[in-house]
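Asks: Here is how the chains run, residue by residue.
2 protein chains.
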Amino acid sequence: MQEVKRSKIKDLLHFEPGREVLAKGWVRTKRGNKEVAFIALSDGSTIKNIQIVCDKSASGMEEILSKISTGACIGVRGELVESPGSGQAVEIKASEIEIYGTCDPVRYPLQKKDTSFEYLRTVAHMRPRTNTFGAVLRLRSQMAYAIHEYFHNKGFVYLNTPLITASDCEGAGQMFQVTTLDLGNVPRNKKGEPDYSKDFFGKQTSLTVSGQLEGELGATALGEIYTFGPTFRAENSNTPRHLAEFWMIEPEMAFYDITDNMDLAEDFIKHLVRYALENCRDDIQFLNDRYDPELISRLEGVVGTDFVRLEYTEGIRILEEAAKNGVQFEYPVYWGVDLQSEHERYLVEQHFRKPVILTGYPKEIKAFYMKQDPDGKTVRAMDILFPKIGEIIGGSERESDLGKLEARITELGMSRKNLEWYIDTRRFGSCPHSGFGLGFERLLLFITGMQNIRDVIPFPRTPKNAEY
Amino acid sequence: MQEVKRSKIKDLLHFEPGREVLAKGWVRTKRGNKEVAFIALSDGSTIKNIQIVCDKSASGMEEILSKISTGACIGVRGELVESPGSGQAVEIKASEIEIYGTCDPVRYPLQKKDTSFEYLRTVAHMRPRTNTFGAVLRLRSQMAYAIHEYFHNKGFVYLNTPLITASDCEGAGQMFQVTTLDLGNVPRNKKGEPDYSKDFFGKQTSLTVSGQLEGELGATALGEIYTFGPTFRAENSNTPRHLAEFWMIEPEMAFYDITDNMDLAEDFIKHLVRYALENCRDDIQFLNDRYDPELISRLEGVVGTDFVRLEYTEGIRILEEAAKNGVQFEYPVYWGVDLQSEHERYLVEQHFRKPVILTGYPKEIKAFYMKQDPDGKTVRAMDILFPKIGEIIGGSERESDLGKLEARITELGMSRKNLEWYIDTRRFGSCPHSGFGLGFERLLLFITGMQNIRDVIPFPRTPKNAEY
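Heads up: the sequence lines are chains E and A, in that order.
Counting with the numbering used here, you get residues 344 to 811 for the letters of the first sequence.
Counting with the numbering used here, you get residues 344 to 811 for the letters of the second sequence.
A portion of the hints provided could be inaccurate.
Intra- or inter-copy, both count: the list cannot distinguish identical chains.
Said to hold, decoys possible - The calculated DMTMM-like cross-link candidates involving lysine to aspartate or glutamate, where the alpha carbons are at most 25 Å apart (straight line), are: (1) K807 <-> D716; (2) K497 <-> D681; (3) K351 <-> D744; (4) K353 <-> D649; (5) K410 <-> D625; (6) K497 <-> E621; (7) K348 <-> E609; (8) K348 <-> D744; (9) K541 <-> E810; (10) K706 <-> D447; (11) K807 <-> E378; (12) K720 <-> E754; (13) K731 <-> D744; (14) K410 <-> E621; (15) K455 <-> E763; (16) K613 <-> E810; (17) K410 <-> E754.
Derived from the structure by calculation, the hints contain no laboratory data.
Note that the structure is a prediction, hence the values are computed from the model and not measured.
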């Protein structure tokens with residue numbers, strides 16, 4: 344079969360009929376009658392299959408067909424012809440079929456009988472072969488590319504911040520420890536504690552929970568940077584919204600104030616949604632038709648609207664007013680409270696019916712590095728709240744004043760020792776700067792309409808689960 | 344200073360003179376005489392500085408200038424004028440200067456007096472502010488983008504394989520363990536061993552040493568995939584070529600045989616080098632002029648030549664011949680030996696004087712998953728050997744025959760239990776496929792001409808070192 348070059352199905356479907364073609368892929372279905380067999384072939388390049396028509400009277404065809412079942416891997420040579428059936432423009436009239444790998448229909452894990460997402464998570468090594476996970480993984484890849492392209496075109500430097508870190512060992516309960524010590528025989532120091540001087544890095548190390556602080560080092564040297572890499576949380580949360588290992592995008596920009604930061608974040612997220620609508624239409628249409636009939640309209644809604652920009656204080660006023668008027672919230676609303684998902688969703692889905700950027704949060708509920716407002720009460724934080732998802736982006740202008748940053752670190756009783764390198768950015772040529780973080784899987788939940796975060800990453804890591 | 348929009352220096356340098364401009368950045372040097380001061384300003388957008396000319400007789404100028412020293416962060420408004428000096432076409436005649444952050448010249452870690460790479464590694468949080476590391480980090484970013492763009496344009500799916508894994512716990516001495524157990528009080532099971540059922544994932548887990556096996560799951564479903572992410576080795580190697588945390592690119596392609604694999608790898612690496620020469624010329628020129636006068640010619644050499652494709656057996660013959668003719672090798676050469684760096688460099692730098700793709704290695708020195716040749720002795724491995732770097736890419740066609748793969752696993756005494764998911768790819772619809780791996784930092788050593796791998800990653804992790 345070497346004389347014809349193999350074509351991907353994505354391309355084949357747009358060729359003019361009449362050509363000799365070679366397709367390779369996996370059998371999705373085989374059906375037919377006494378004279379003809381129809382094979383739906385997929386090669387992962389598109390959500391669509393190509394239909395293969397096999398004339399059973401051809402020499403050897405019946406024998407070959409007898410070995411082909413769902414999941415088998417084959418190569419098919421034949422003529423691309425107009426399809427008389429509906430649903431496809433062209434199909435392949437097979438002249439030769441080669442079997443690369445058969446597939447035992449009894450043992451094959453992807454059976455018609457159970458296609459629930461719960462079941463497919465138990466065979467996550469095979470689920471990329473299904474239509475749904477093929478679509479999700481292609482979308483994931485396209486979104487990753489759109490992110491790199493967006494920042495590259497703006498001149499941002501892609502900065503790889505470290506995964507293994509010794510700098511953020513506070514709140515270690517939430518972090519994964521990284522070690523080469525023998526857990527069956529941990530060496531001890533004189534105090535009887537684990538002797539980390541014998542560990543690989545000579546000290547206690549963990550997996551990063553954020554690349555932001557290192558990102559600030561990059562921004563205050565290179566101007567505009569972004570990170571895009573894995574991030575870890577050892578939270579024992581078995582929910583549809585939590586992963587122990589997930590991917591984050593964290594841009595950080597010198598000379599951006601909070602307004603520049605909001606402008607960038609809004610433009611960025613709209614760009615990504617628009618990119619998906621324009622470049623991944625087949626996969627999104629499939630997910631829309633199969634699972635979530637409002638998916639496309641929700642995506643279009645985000646692209647076509649100006650996000651509301653709302654002060655936290657005003658947000659609280661709206662929520663208090665709503666409560667007064669009979670809206671039932673499970674959690675109380677008052678100035679100073681950290682908003683719950685129900686509050687965010689009320690603002691976004693009921694009150695404004697569009698995405699909201701909430702700013703000016705009380706400093707007590709936000710991180711130490713955020714720029715303090717002159718009132719001494721609020722900080723220049725910004726959270727972008729989305730329909731269905733809630734918070735999709737969190738960011739802030741950073742405190743660039745050395746004295747204020749140091750005072751806040753002391754006030755919160757944080758250990759300065761591990762932060763001296765970070766404080767150096769304010770000590771030497773400090774500059775106003777801002778940044779934000781986007782959880783990649785949160786974005787993908789929004790783009791795909793999937794309900795469970797375990798279904799938008801190839802190999803989810805959650806409590807008690809690290810298969811493959 | 345709000346009426347003029349800030350421009351990046353990369354752009355400013357190409358503007359027509361006569362415009363009012365606003366530049367923001369960090370002071371590289373300040374010099375001058377009684378009448379005028381000259382400030383070289385950098386903002387990280389380019390290796391080049393913009394020269395700021397300050398008339399000391401202007402109101403308040405002397406006072407402002409007295410606070411400005413190397414490392415300070417400032418904003419400068421003024422007219423862009425033709426520069427009378429050599430070395431730059433334009434400069435800014437300052438009308439207004441704002442200081443964002445001063446920089447104590449006594450305490451600033453980036454002093455003229457010690458700029459050795461060894462010293463700069465001890466202040467890695469500041470070194471991105473130097474010319475050299477600015478250039479290296481911009482090149483790193485550009486190369487990452489070129490990689491994503493290359494595969495995206497070919498329709499490859501970017502697949503995020505897991506970082507935390509339970510599947511590859513053999514050879515655990517080389518792996519970092521990931522745990523939430525309290526090392527001061529490790530729970531024990533009845534046998535007295537660490538009780539991993541109490542660990543976060545309910546079993547022993549480590550950081551991945553390669554995404555390839557999971558990549559094969561993607562390729563045998565989606566067709567063509569690539570990974571690009573962090574990878575870990577707990578080797579206690581303090582050398583200029585080893586990192587405990589580094590980034591790998593691993594493409595994996597269904598329906599590619601070893602020749603397709605070589606074709607792709609050669610095209611890929613040439614594309615990256617060409618991209619660097621065409622898109623990052625200023626930074627490469629700087630590194631060429633400052634450190635390595637053969638850098639550009641070495642890069643051009645790779646782009647303009649067909650790589651040699653050589654069987655291992657023939658390579659051994661050439662090396663034996665050379666030894667017979669008086670070439671001194673430290674390590675012996677005979678069929679079956681794993682080539683040492685000196686052997687690879689002889690072939691590439693002395694014998695052929697161009698990159699070499701070595702194939703058909705003895706199966707004993709290669710991994711279990713490589714496709715066995717009919718002779719029973721060799722496998723379809725391929726290593727690409729580069730001048731100065733040695734092996735830059737390693738790959739193979741994969742064994743797609745279930746029986747042969749299982750026999751090899753048994754022969755090597757490997758535990759099948761953790762590999763059943765991988766074997767499933769051969770059990771159900773097995774397909775011919777190939778792939779390779781490129782160490783990102785190895786590529787960057789070649790592209791930048793830097794000598795030490797710790798100098799091509801922002802925050803290197805090596806034995807006893809996990810700062811920042």
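Asks: For each hint, tell me whether it holds in the structure or not.
Replies: Tested hints:
no., hint, verdict
1, K807 <-> D716, "neither (43 Å within a copy, 41 Å between copies)"
2, K497 <-> D681, "neither (34 Å within a copy, 46 Å between copies)"
3, K351 <-> D744, "between (56 Å within a copy, 24 Å between copies)"
4, K353 <-> D649, "neither (36 Å within a copy, 32 Å between copies)"
5, K410 <-> D625, "neither (32 Å within a copy, 60 Å between copies)"
6, K497 <-> E621, "both (20 Å within a copy, 18 Å between copies)"
7, K348 <-> E609, "between (45 Å within a copy, 20 Å between copies)"
8, K348 <-> D744, "between (63 Å within a copy, 24 Å between copies)"
9, K541 <-> E810, "between (30 Å within a copy, 16 Å between copies)"
10, K706 <-> D447, "neither (61 Å within a copy, 30 Å between copies)"
11, K807 <-> E378, "neither (52 Å within a copy, 71 Å between copies)"
12, K720 <-> E754, "within (14 Å within a copy, 68 Å between copies)"
13, K731 <-> D744, "neither (37 Å within a copy, 46 Å between copies)"
14, K410 <-> E621, "neither (40 Å within a copy, 52 Å between copies)"
15, K455 <-> E763, "between (58 Å within a copy, 22 Å between copies)"
16, K613 <-> E810, "neither (35 Å within a copy, 37 Å between copies)"
17, K410 <-> E754, "neither (72 Å within a copy, 30 Å between copies)"
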